[in-house]
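Participant: As you go down the protein sequences, you meet chains A and B in turn.
Position 9 of the first sequence, counted from 1, bears residue number 9 in the UniProt record's numbering, the numbering being contiguous throughout.
Position 134 of the second sequence, counted from 1, bears residue number 134 in the UniProt record's numbering, the numbering being contiguous throughout.
What the hints contain is simulated information worked out from the structure, not anything from laboratory work.
There may be inaccurate statements among the hints.
One copy or two, either will do: identical chains are not told apart, so a pair holds if it fits within one copy or between any two.
[To be verified] Keeping only pairs whose Cα atoms sit at most 20 angstroms apart, straight-line, the calculated SDA-like set for lysine to any residue is: (1) K31 - E87; (2) K140 - S194; (3) K31 - T86; (4) K329 - S219; (5) K174 - N21.
2 protein chains.
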Amino acid sequence: MVLGAVLSPTSTNIAGWRHPNAVSNAGVSLKDMTRFAEEAEKAKFDFVFLADELCAPDASPGILSRDPVIYRFEPLTLTAALAAGTERIGLIVTQTTTYNEPYHVARKLASIDNLSEGRAGWNLVTSYVTAEAANFSTAKHASNVDRYARAEEFFEVTRGLWDSWDDDAFVLDKAEGRYFDPAGLHVLDHEGDSFSVRGPLNVVRPVQGRPVQVQAGSSPAGIALAAKYAEVVFTAQTTLENALAFTTELRERTVEAGRPAGDIRVLAGTMPIVGETMAEAQAKADELGALIHPEVGLARLSQLLGFDVSGMPLDSYLPDEIPETEAYKSRQALIVDLARREHLTIGELYPRVVGSYGHRTVIGTPELIADELQAWFEAGAVDGYIIAPAFLPDGLDDFSRLVIPELRRRGLFRDEYEGRTLRDHLRLAWPARGAGWDE
Amino acid sequence: MVLGAVLSPTSTNIAGWRHPNAVSNAGVSLKDMTRFAEEAEKAKFDFVFLADELCAPDASPGILSRDPVIYRFEPLTLTAALAAGTERIGLIVTQTTTYNEPYHVARKLASIDNLSEGRAGWNLVTSYVTAEAANFSTAKHASNVDRYARAEEFFEVTRGLWDSWDDDAFVLDKAEGRYFDPAGLHVLDHEGDSFSVRGPLNVVRPVQGRPVQVQAGSSPAGIALAAKYAEVVFTAQTTLENALAFTTELRERTVEAGRPAGDIRVLAGTMPIVGETMAEAQAKADELGALIHPEVGLARLSQLLGFDVSGMPLDSYLPDEIPETEAYKSRQALIVDLARREHLTIGELYPRVVGSYGHRTVIGTPELIADELQAWFEAGAVDGYIIAPAFLPDGLDDFSRLVIPELRRRGLFRDEYEGRTLRDHLRLAWPARGAGWDE
Numbered sequence: 001m002v003l004g005a006v007l008s009p010t011s012t013n014i015a016g017w018r019h020p021n022a023v024s025n026a027g028v029s030l031k032d033m034t035r036f037a038e039e040a041e042k043a044k045f046d047f048v049f050l051a052d053e054l055c056a057p058d059a060s061p062g063i064l065s066r067d068p069v070i071y072r073f074e075p076l077t078l079t080a081a082l083a084a085g086t087e088r089i090g091l092i093v094t095q096t097t098t099y100n101e102p103y104h105v106a107r108k109l110a111s112i113d114n115l116s117e118g119r120a121g122w123n124l125v126t127s128y129v130t131a132e133a134a135n136f137s138t139a140k141h142a143s144n145v146d147r148y149a150r151a152e153e154f155f156e157v158t159r160g161l162w163d164s165w166d167d168d169a170f171v172l173d174k175a176e177g178r179y180f181d182p183a184g185l186h187v188l189d190h191e192g193d194s195f196s197v198r199g200p201l202n203v204v205r206p207v208q209g210r211p212v213q214v215q216a217g218s219s220p221a222g223i224a225l226a227a228k229y230a231e232v233v234f235t236a237q238t239t240l241e242n243a244l245a246f247t248t249e250l251r252e253r254t255v256e257a258g259r260p261a262g263d264i265r266v267l268a269g270t271m272p273i274v275g276e277t278m279a280e281a282q283a284k285a286d287e288l289g290a291l292i293h294p295e296v297g298l299a300r301l302s303q304l305l306g307f308d309v310s311g312m313p314l315d316s317y318l319p320d321e322i323p324e325t326e327a328y329k330s331r332q333a334l335i336v337d338l339a340r341r342e343h344l345t346i347g348e349l350y351p352r353v354v355g356s357y358g359h360r361t362v363i364g365t366p367e368l369i370a371d372e373l374q375a376w377f378e379a380g381a382v383d384g385y386i387i388a389p390a391f392l393p394d395g396l397d398d399f400s401r402l403v404i405p406e407l408r409r410r411g412l413f414r415d416e417y418e419g420r421t422l423r424d425h426l427r428l429a430w431p432a433r434g435a436g437w438d439e
Numbered sequence: 001m002v003l004g005a006v007l008s009p010t011s012t013n014i015a016g017w018r019h020p021n022a023v024s025n026a027g028v029s030l031k032d033m034t035r036f037a038e039e040a041e042k043a044k045f046d047f048v049f050l051a052d053e054l055c056a057p058d059a060s061p062g063i064l065s066r067d068p069v070i071y072r073f074e075p076l077t078l079t080a081a082l083a084a085g086t087e088r089i090g091l092i093v094t095q096t097t098t099y100n101e102p103y104h105v106a107r108k109l110a111s112i113d114n115l116s117e118g119r120a121g122w123n124l125v126t127s128y129v130t131a132e133a134a135n136f137s138t139a140k141h142a143s144n145v146d147r148y149a150r151a152e153e154f155f156e157v158t159r160g161l162w163d164s165w166d167d168d169a170f171v172l173d174k175a176e177g178r179y180f181d182p183a184g185l186h187v188l189d190h191e192g193d194s195f196s197v198r199g200p201l202n203v204v205r206p207v208q209g210r211p212v213q214v215q216a217g218s219s220p221a222g223i224a225l226a227a228k229y230a231e232v233v234f235t236a237q238t239t240l241e242n243a244l245a246f247t248t249e250l251r252e253r254t255v256e257a258g259r260p261a262g263d264i265r266v267l268a269g270t271m272p273i274v275g276e277t278m279a280e281a282q283a284k285a286d287e288l289g290a291l292i293h294p295e296v297g298l299a300r301l302s303q304l305l306g307f308d309v310s311g312m313p314l315d316s317y318l319p320d321e322i323p324e325t326e327a328y329k330s331r332q333a334l335i336v337d338l339a340r341r342e343h344l345t346i347g348e349l350y351p352r353v354v355g356s357y358g359h360r361t362v363i364g365t366p367e368l369i370a371d372e373l374q375a376w377f378e379a380g381a382v383d384g385y386i387i388a389p390a391f392l393p394d395g396l397d398d399f400s401r402l403v404i405p406e407l408r409r410r411g412l413f414r415d416e417y418e419g420r421t422l423r424d425h426l427r428l429a430w431p432a433r434g435a436g437w438d439e
């Protein structure tokens with residue numbers, strides 16, 4: 001079973017930072033962030049994961065001021081610093097293809113892969129938050145389809161740049177004065193619809209060949225891209241049935257794209273709330289739910305849904321007609337589905353989904369949580385989980401101290417790291433230079 | 001006296017990597033890079049400096065393969081990793097305004113300033129290497145004047161983004177559920193010729209208020225920008241007379257721009273070749289000069305001059321008519337001036353200038369080198385130096401072990417760090433939020 005940990009200061013839960021035990025300034029303390037990553041490494045997680053958005057949430061200052069998402073490091077620089085502060089754990093960082101240049105992303109990720117000696121992963125996103133456009137001299141956020149067309153070309157350029165050098169190109173021959181063998185240099189010369197990039201990359205080939213390719217899009221365009229290129233897919237699923245349907249479709253598309261179905265690790269986002277007893281766990285969950293200010297809850301729900309519900313009474317229901325969204329189609333569908341299925345009012349809905357940003361929350365004893373994780377895993381719905389601690393440090397501590405030993409007792413999770421690289425941890429193949437494209 | 005150290009793997013000298021003592025793979029070893037930064041910190045340097053270019057040098061594979069410049073980490077990610085690996089020394093990193101977006105640069109530099117607890121500096125460049133354009137979907141490298149117009153607006157946006165938050169905006173009030181005081185948030189809403197950027201930055205205000213602003217341009221447009229905004233200026237000067245003229249002009253322009261002349265630290269790039277005796281030092285210099293392959297020497301000389309001399313015989317002289325360059329006007333003038341003054345052939349010129357990339361080389365005993373550094377400093381030509389070790393580790397070791405103690409004996413250099421931040425080391429004022437611009 002694959003296990004990743006979201007390293008989200010101060011809390012993945014939107015109100016977790018208000019908990020008395022939460023380290024509320026961890027987001028700007030490298031010491032704390034390094035300590036959390038070390039604890040995840042000690043528990044033998046496959047990786048830590050750093051999310052990203054390129055703007056402050058598009059909300060009034062009053063609402064924004066209740067949201068801790070701003071109070072943190074920029075994730076690429078933080079990942080590089082964590083590469084120095086950890087030794088074995090994988091480091092997956094989010095970079096959008098919509099407001100970046102492939103040369104920068106290819107180079108910085110290659111560098112992090114080399115700084116960490118082969119532990120980098122790239123969570124490729126296309127930016128679902130429309131407010132990002134206003135920070136990048138762009139009048140209007142592009143449509144989902146256009147963003148994915150750009151993303152595909154972006155990824156292909158990036159992959160081509162990582163393949164600029166043979167693995168053994170650098171001979172460092174002091175006597176002859178030759179740094180590399182010219183035969184080992186491959187100039188990309190890409191000319192496409194969105195980019196023209198000559199190359200070569202001015203960084204050597206990454207230790208892993210290519211950083212591990214991670215995606216999370218669940219729209220049709222997102223699934224199509226993942227089927228072609230992703231090695232890890234994060235998904236927000238709240239029922240086993242939906243998770244199984246998603247994974248089955250993704251694996252079918254993967255085979256259609258000419259790849260073995262097993263080439264992708266599917267991981268479901270999961271926020272565990274662990275208690276020694278069921279009552280203790282439920283009390284913890286209720287405590288967190290109550291910490292979410294309704295103003296924040298409705299604002300965040302509106303963002304996830306892609307339409308405004310902030311003016312609606314807390315005891316009303318979602319409208320029958322759901323407006324179409326360009327923002328995050330699949331997430332909207334998941335939330336609407338949950339509300340309809342359990343007949344939830346707006347006031348009941350937001351504490352269920354905004355706390356965990358739409359990911360599944362599992363509340364219970366270590367045995368119950370292990371049961372749940374085992375059930376989806378053995379049903380073939382997922383290859384593992386990305387654990388989103390409700391807040392730090394407790395959320396990570398509880399899972400590492402109570403749930404992981406239970407998973408180990410069941411033979412589901414490693415005792416020790418076996419390899420050195422993130423590819424080793426995930427049992428992913430090492431990509432040969434030039435694999436998957438015609439030079 | 002201010003002292004910085006270029007952290008240039010494997011060598012600042014173009015052939016230094018061929019020296020038997022050079023660590024030739026340091027550029028891809030975080031362990032080695034951290035060790036060098038720690039050694040500079042132990043010697044109490046004000047900062048280490050990381051240069052950058054966004055392409056492989058525009059040369060044939062044969063020439064390129066003799067040039068170590070590719071074999072290294074990307075500098076922004078390396079700087080973040082060094083923030084984790086060091087405690088006191090400043091970290092100055094190069095970022096171009098021509099192929100970047102201000103939101104990214106403002107955010108990543110703010111993050112590095114926070115990761116390092118106030119030790120970040122930004123060397124703002126506008127990209128003089130024309131080949132960078134081809135990696136960024138750009139048909140043609142913009143002119144010097146256009147690049148500086150963009151740079152000025154870029155810097156103003158960046159500064160505005162750093163000022164998005166009051167220093168005390170983040171109150172972290174768990175009981176009230178308020179992360180920050182809404183009155184402490186300032187939305188930029190910049191609309192200009194090159195950029196429209198709404199803000200706010202989704203990172204708190206940097207520890208230093210703003211990372212230290214460093215520039216190196218010596219063209220008229222470069223000097224004009226430095227006069228308005230720079231806090232540190234690097235310059236490549238080979239004679240005291242020229243250095244004094246440059247600094248005098250820069251300080252005049254600074255006063256014209258409405259700032260005190262003393263607000264800028266002027267630092268001259270200097271490659272010291274240290275020997276216990278003059279003969280030993282000269283032998284070291286000759287050894288390094290002989291390691292430069294003529295093919296590499298002429299190719300690099302062509303790049304620095306902005307026109308091709310690679311076909312010319314080694315015993316010929318620069319032409320009487322020097323072609324105009326868009327690339328690096330001031331560096332061309334410095335090199336042509338040196339060649340004319342000392343009547344050097346092409347074959348004599350390249351070992352003098354390409355090894356140190358046009359910066360001054362000082363060859364001699366610790367006393368002689370200290371004399372030279374002291375003379376320019378006391379003449380008011382410079383506030384200090386940026387030391388470019390010919391190769392690592394010896395170039396840095398020799399200077400730290402032999403020259404710095406001599407500077408200390410003369411009362412010219414610190415024994416210990418007195419402050420915590422790079423601003424403290426450089427005795428630069430802490431910028432109040434909003435200083436220098438109208439909201």
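Participant: State for each hint whether it applies.
Facilitator: Evaluated hints:
Taking the closest pair of Cα atoms, K31 and E87 come within 20 angstroms of each other both inside a single copy (16 angstroms) and across two copies (12 angstroms). When the C-alpha separation of K140 and S194 is checked against a cutoff of 20 angstroms, the pair qualifies both within a copy, at 17 angstroms, and between copies, at 16 angstroms. For the homomeric pair K31 and T86, the shortest alpha-carbon distances inside one copy (12 angstroms) and between copies (13 angstroms) are both at most 20 angstroms. For the identical chains of this complex, K329 and S219 are intra-copy neighbours only, at 6 angstroms inside a copy versus 51 angstroms across copies, given an alpha-carbon limit of 20 angstroms.
For the identical chains of this complex, K174 and N21 are inter-copy neighbours only, at 11 angstroms across copies versus 57 angstroms inside a copy, given an alpha-carbon limit of 20 angstroms.
In summary, this structure violates none of the numbered hints.
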